[in-house]
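Asks: The task is simple: from the sequences and hints, build the whole structure.
From first to last, the protein sequence lines are chains X and H.
For the first sequence, position 87 matches number 87 in the working numbering, and the numbering has no gaps at all.
When you read off a place in the second sequence, starting at 1, and then add 112, the result is the number in the working numbering.
These aren't lab readings, by the way, just hints derived from the structure by calculation.
Derived list of chain X stretches under chain H, where covered just means 3 residues or more per stretch with a C-beta under 8 Å from a C-beta of chain H:
{"no.": "1", "region": "19-25"}
{"no.": "2", "region": "51-60"}
{"no.": "3", "region": "63-71"}
{"no.": "4", "region": "82-89"}
The C-beta atom is built at its ideal place from N, Cα and C for all residues, glycine as well.
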Amino acid sequence: MELTSEVSGEMQIVRVDATRIDAAAAIRFKDMMREITGSDVPHVVLDLSKVEFIDSSGLGAIVAAMKQLGSTRRLDLAGLTPMVDRVFRLTRMETVFTIHKSVEAAKAVYAD
Amino acid sequence: MKRPNQQRDAGPDGGFQLRFSGDELAVRAALRRIRGAVGSCVSADQLGLIELVLGEVLNNVVEHAYGPVTNGQIEVECALGEGALVFVVRDFGREMPEGQLPEGLPIDIHRLREEDLPEGGFGWFLVRALVRGLEYRREAGCNTLSFTIPIADCKRGGLRADPAQSSG
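Replies: Spelled out as structure tokens, the structure:
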């Protein structure tokens with residue numbers, strides 16, 4: 001799994017370059033998120049458009065990544081594929097995160 | 113092309129059985145086989161959800177029924193029922209706590225502060241949300257979990273009985 005980061009203004013986009021965030025990848029994902037979101041950019045948007053599969057461990061790791069940011073910074077999600085979207089809705093996690101249809105939609109909200 | 117008649121009458125056709133070691137790597141390999149067997153029968157999205165259910169159930173066996181010290185075999189049976197895939201999963205490890213399935217109740221996330229949000233415990237909730245007829249039995253040192261997953265119309269014989277017996 002790789003994460004790619006792009007910062008523009010008040011917004012950091014972190015793209016998950018992997019098709020799965022599962023039990024085998026969850027801890028690594030959480031650690032990599034901690035490293036890559038180490039700066040103070042207030043809005044972090046996690047681009048999940050390449051992720052086709054997530055399980056309960058992956059979901060927990062995304063919640064952990066949000067909590068790692070602390071109370072003053074936000075983690076939003078973008079580009080949920082149908083399977084990932086279903087998992088977020090089933091667990092009501094879609095009410096915890098702001099979810100953007102795509103990275104472009106998130107940029108329209110946050111970028112300068 | 114039409115399937116021969118005897119196939120149509122041959123009971124729950126196209127089912128499969130897997131037997132593999134109760135460890136993470138073997139589970140991952142088994143999930144790939146299940147994907148392969150079920151893939152021709154369901155949509156890509158549904159396939160992901162089926163893999164999710166089986167992954168949660170099988171990883172739970174690895175982590176809790178067997179745990180880091182003990183090891184043993186896992187058996188998965190899948191058959192095509194009426195509008196549903198019928199699964200039976202067996203292991204020979206520890207019994208479920210208090211002989212019951214975890215409830216996996218939905219967490220009332222609106223009443224939690226962000227720092228109190230759970231980072232785990234979604235597994236059984238997801239399983240319960242995605243399957244029907246979930247039943248757990250403990251008999252003679254064997255845990256048996258059975259459930260069905262509703263699927264849109266799947267042609268008879270649509271399940272590929274391909275996955276050969278795996279000793280994992």
